[in-house]
Amino acid sequence: MPMETVFSVKPFLAVLVSLIAIPGIISSRSQNIRESWTFAAAGIKLVLVLSMLPLVLNKGVVEYTVFQVFPNLGITFRVDAFGMLFALVASSLWIVTSIYSIGYMRSLDEHSQTRYFCFFAVALSATIGVAFSANLLTMYLFYEMLSLATYPLVTHHQDKEARSSGRKYLFYILGGSIGFALPAMLITYHFTGTLDFTGHGVMAGHVTSGTALVLSLMFLFGFAKVGIMPMHSWLPAAMVAPTPVSALLHAVAVVKVGAFSVVRVFTGIVGTGVLADYNISLVVCVIASFTVIVASMIALSQDELKRRLAFSTIGQLSYIVLGVALLSKSGMTGGMLHIAMHAFGKITLFFCAGAIFCATGIKYISKMKGIGRRMPITMTAFLIGSLSVVGLPPCGGFISKWYLVLGTIEAGHIAFLFVLLSSSFLNAAYFFPVFYNAFFCSPEEMLFEDKVNEAPLWCVVPLVITAGISVVLFFYPQPFLNLAKLAVQNVLGG
Amino acid sequence: MKILGKLTILLCGVLLMVFAMEFPNWGDPESPASTHLSPYFIQHTMEDTAVPNIVTSVLADYRGYDTMFETTVILTAGLACFLLLRIERKKIPHRYYRHEPTGVTLRMEGEKYPKNSAVFQRMDANWVPYDFVISRTCRLIIPFIQIFALYVVAHGHHSPGGGFQGGVIMGASVILFAISHNLRTSIKNFSEKTAALFSVTGVFIYAGTGALCLLFGEVFLNYSALAPILGGDRVMARSHGILVVEIGVAVAVTAVMIWIYYNLSSAGKQDEGL
Amino acid sequence: MESIFSLVLAKANYAAYIILMMIGLYAMIAKNNLIKKIVGMSIFQTAVILFYVSIGCKKGATIPILRHHGHPEPVGHAAENAGAHAMDAAHGAEKVVAHAVDAAHNAVHVADYINPLPHVLMLTAIVVGVATLGVALALAIRVYNTYGTLEEDEINQQLRSG
Amino acid sequence: MTRHLPALIIVIPLLSALVTSGSGWFNQKAPFRIAVSALLLSLLCAVLMLIQVVTTGIAMEYRMAGWAGPMGIVYVIDHLSAIVLVVITSVSCLNLVAQRKNIHAEFKDKQGAFNALYVLFTAGLIGMTATGDAFNLYVLLEIVSLSGYALIGLGNTRAPLATLNYLFLGTIGATFYLLGVGYLYIATGTLNMAELTTMIPKLMDSGVILFAFIICVTGLFVKMALFPVHGWLPDAYSQATPAAAGLIAPLTTKVTVYILIRICMTVFTPEYTFDHLDISGFIVLVAVVTIVFGSLSALAQKNVKKMLTYIIIAEVGYMVGGFFLGNRLGISGAILHIINDAAMTLALFLAAGIFIWKTGGESRSDLKGLFAKMPFTMAGFVLAALSVVGVPPTCGFFSKWYLISGGVQAGNYLFVAALIFSSLVNAVLFFRLFEIAYFEPFGEDEDHAHGHGNSHGSHHHVGALAIKEAPLDMLVPFLAACMALIVLGLYSGTIITNIIQFAIPTGVI
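Those protein sequence lines, which keep their order, are chains A, B, C and D. Each residue of the first sequence is one higher than the one before, counting from 1 in full-length UniProt numbering. Each residue of the second sequence is one higher than the one before, counting from 1 in full-length UniProt numbering. Each residue of the third sequence is one higher than the one before, counting from 1 in full-length UniProt numbering. Each residue of the fourth sequence is one higher than the one before, counting from 1 in full-length UniProt numbering.
Excised from the complex, chain A in its bound form (with noise of 0.2 Å):
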């Protein structure tokens, strides 16, 4: 199937834009002027990125190469449908999650705000940087500064909390990077000669099987980001950043951008051959498994909101993983699809978390009972956004819940058919109850008085945003459902 290739630099400025509104940010002398480079920043992103989405659809490729810093290997941007996918989730969650970031900042006052909104800004050429990267070498560079750049959001609060967690953070983080994404990279290049991103992987027929479950695995656990346990704790301890940094970062940005990794390499460099020879596939699929067992049951047990956030995250990535390591064409799709979908699921549900922490200042599920009678907008967007996590209907979280559940009956696997089910049951227990006590509580168990009312309006309309584009994805979920379909096909053939 010949493919068009176009080279632009129109990835390049995608990935620069945001960059280049920095200087703007820092000095701008009033916080409107500020805000409106974010904007402008963001704006132009998607633009952009929009832009190339109907060449992608119709099956070409966008490349740029900036560098050339290895005779065969450069920083090179390569624009396909996987990336595409991610990279519209990305740049269209960074609009709302702006307006958000205003609405939550200003409200709560917090300290240091250029500086939050600059690393904002690199943190999403970091992830467009991932998802437009053609080779592990480019994606490996955008992967690390993303780890970076969201230090200093992550520990904003500058408080001994705050610390411990960024030591936490960096610690899972860039150990894995160095201490196992990187030799991998090493040893991959070495034993193949090339880090290209191609459709069936570049490791077949030039590693062993030992050596090619080593280097998954080292791949695997090197991008912590995907937070396959037992390499997740950061992402709880992360919670400590303010709330939007949580969303987009910890719903969108990060976590996912070590999906988004981990799948690019298994189907890029390891390829769909390579694992299903070795059987490779199997152990991902049984670790990932695990992860979305536990990870739910931890859950179960938490009492702060975003914590159960965080552990849910946990569990939904491994779906993702688990997905794509079963290597039929619906789990991948699946997959592939549960990156978009779960983004604006979960992003709702934190933007709701942070919405009840800025009216109330409350944390924990136990001391929101009767707050839904309060702040009635804000918590059926958290019931809409439970849905899609849980995936049920009118969702988009089902649309990829059934195409995984379609994906291990299609792989034979049946046993990670339970494990999805079962996952899914476990994911109700934790949420309804948050909204149940939320609404249906008696009038002398409520904790509320009449004064607490909706947080401030710019962070109610970004929630009632991504809960509406999350009912709507379940009636038209073409774009994602396309693209997801398209990458599939590269990767699968056929």
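FYI, nobody ran anything at the bench for these hints, they're computed from the structure. Treat the hints loosely; a few may be bogus.
Cβ-Cβ distance ranges computed for the label pairs, FRET-style [unchecked claim]:
id, chain 1, residue 1, chain 2, residue 2, range
1, D, Ser365, C, Gln157, 25 to 33 Å
2, C, Ala16, D, Leu285, 32 to 40 Å
3, D, Gln28, A, Ile20, 43 to 51 Å
4, D, Ala417, A, Gly43, 42 to 50 Å
5, D, Gln28, A, Gly43, 54 to 62 Å
6, D, Glu469, C, Glu154, 41 to 49 Å
7, D, Ala417, A, Leu417, 37 to 45 Å
Computed from a predicted structure; not experimentally measured. Each residue gets a CB set at the ideal place from its N, CA and C atoms; glycine is no exception.
On the provided structure of chain A, position chains B, C and D as indicated by the hints.
Same frame as chain A, now just chains B, C and D:
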């Protein structure tokens, strides 16, 4: 530490000795060192540079570049000692002088001192008296030492000698003066600033001669380019060029020796001293 | 037994330099007083100078100063040829031997003069030794000014307690 | 004029050092100006030579005093020396410009002597790099050493003792090298590197050559502070004044590694070093120990400058180990790391200089609150630190890439593991500093800061938020050095394919 040191030393010594067994015998005329490069120097020194002292011709011409840096090494040492040790002298508000014939003591403000220093004697705790016999004897010898130094420098082309040797002798004569009198007297005659400037000038004569060759369109230090200035043909120009740089070396070595002595002997105070 | 003796005697220069060098090295490692260490360093460097100079030695040869330089003819002769010779100074290494045969009429016998090169090199090494000694003494004075002693163990004691 | 560049690059600094030293007796401002302009001219020469060598592909040869080959001293500028010359001159120049205020404060009326020694030190390094004569190398090595002792010995009160120890070990190292040259001279009768290259293959089995190799390399190991003869370096470098440390720390060890590479590849051929001798494995092992030791020792330091010096030791292990892997990738990595590490160390020491200038202290806790106070300096410092850790796209990543690839290719996984370990330790080291600079508010005591730990309010007081950057003439060169880290990283492919590739003999695979 001592046992360990002895063991290391013993081991090193034995190892060195074992490998030394492979060396050519002492004084073996057939050794590579004696047959490879040195015959060229021995045979061509006259036709190349017209200097019969082969050591001088190799030193200042064939390997003249090395020697330039050798001189620079000396200068570096002088600068290093200065930089490490020199302490600014405290401004002394006033000094006492005794008028020898009458025994009257004068108090002088600031750095001023009586011009007629044969009659006035400075009084302070740091002052070291020097012996009359020794100082006069040295004054007697020093001119001869200095003439000999000049001879060594100038006759380096034809006999053992040259800039380094002559310079050291010259420097030693000044140091002898400083020892036999005292540092303050010596500094009065040959100040630190003079020493520093002379040492720089000496190296500058050498490097400048080399750079002059560049200006004349030849490679660095190729004295034959200086034939138009120095007179004679290109070979004699080399011979003369060698003399010029030897003088530079002598100036530098003399001055640096004195400079280092000044700083070391007074621990940088440049006041009293040994 | 005799052969070993003669062998050692034939390499006596190397033995001398090695012994001297080891004495210097030992003083640098094991002595406690900084000035003694500096003295050891000087001995150490001098040993290498001895080694080099002994390389230059040649049996039956004299110091490398040409004897017949007073005679006008060789000089004049040399001066005539000199222009050309100075110009093509780019003799390759292999040409050197050829020249040795070629220039036999110059009446300069290579075997008569010892190798000048090591002497030149050692002039440099001596200078370096003097310079290093000077700087080392300057540093020792600074150390003495700071600690009031030049014994290393006393200085270490002061450092530990201070 | 181009013909004379190899002489000019060293004669200009030499002459100007003389003028500088002389002018110091009359004027305290002139020495600095003369020194800077001389170094700039030298840098220009270096760049011109690099361009010429790269475009023509032929090494430049310069016959000092007009004597060729073994009789006289020749300077040879090939790809390897050309790039190292650019590194030396630019680092030296940048550091001098950045340290103007420091120098004025530290050496009030010794400007002449200090600047002269500074320039002489640079000239010595230039000469060491460019020379094609084994003995001339020794003379220049001594110039570098002597001026280095003087520059270092001027630090704080402990500096003279540390310098004296450095002097003892430095002298042993240099004398060993001299002895090795003597052995070579005994065996071959020549001192010219090019001629030695042609002669050594015939003498492969000679014990004298073997011992010459061992002594030379041992001497150089002492000079570059490889474990276990590293003891002098941390003390000496950390006690030096910022101006001296910024020159000496980035360049000395790196140029010594260059000399090692030069000696092993040009004098003793690669065939001899890697194939004939069976010591590469051992030396890589020593390098591994150096890396691990350096990293762990750095972890134990509270003083920032001392920590940096231990990192230097670990980096020496990188380069020596990479070179003795004996394959093309490893040697490329080692050479690339000479360039990159010089830039990284310069940036780090300039940063340390700025910290000391601004806070007056050099322990870890003196960095408190600096992110808020000096954001630009800290941004540069973060960049330099990331380069040391090896995060792309900074240059440290790329040399590490080649070194690790070389290790993988040679099958030496111990070396690979050591590099990874060192990267991780470096990450810990620097993030520990960042944490202090980021979390602990400026100008508050330890316990006081902890008391305020959880309240946001403590960050709002004026002192912590007021930006007080370093003076511009310190900041601009520092940021230029930091930018160079990125540029070197992005263009490392160009450097490898156009320069370093030609610096390695074709025999090395």
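Against the structure shown, which of the earlier numbered hints fail to hold, in ascending order? Failing hints: none at all.
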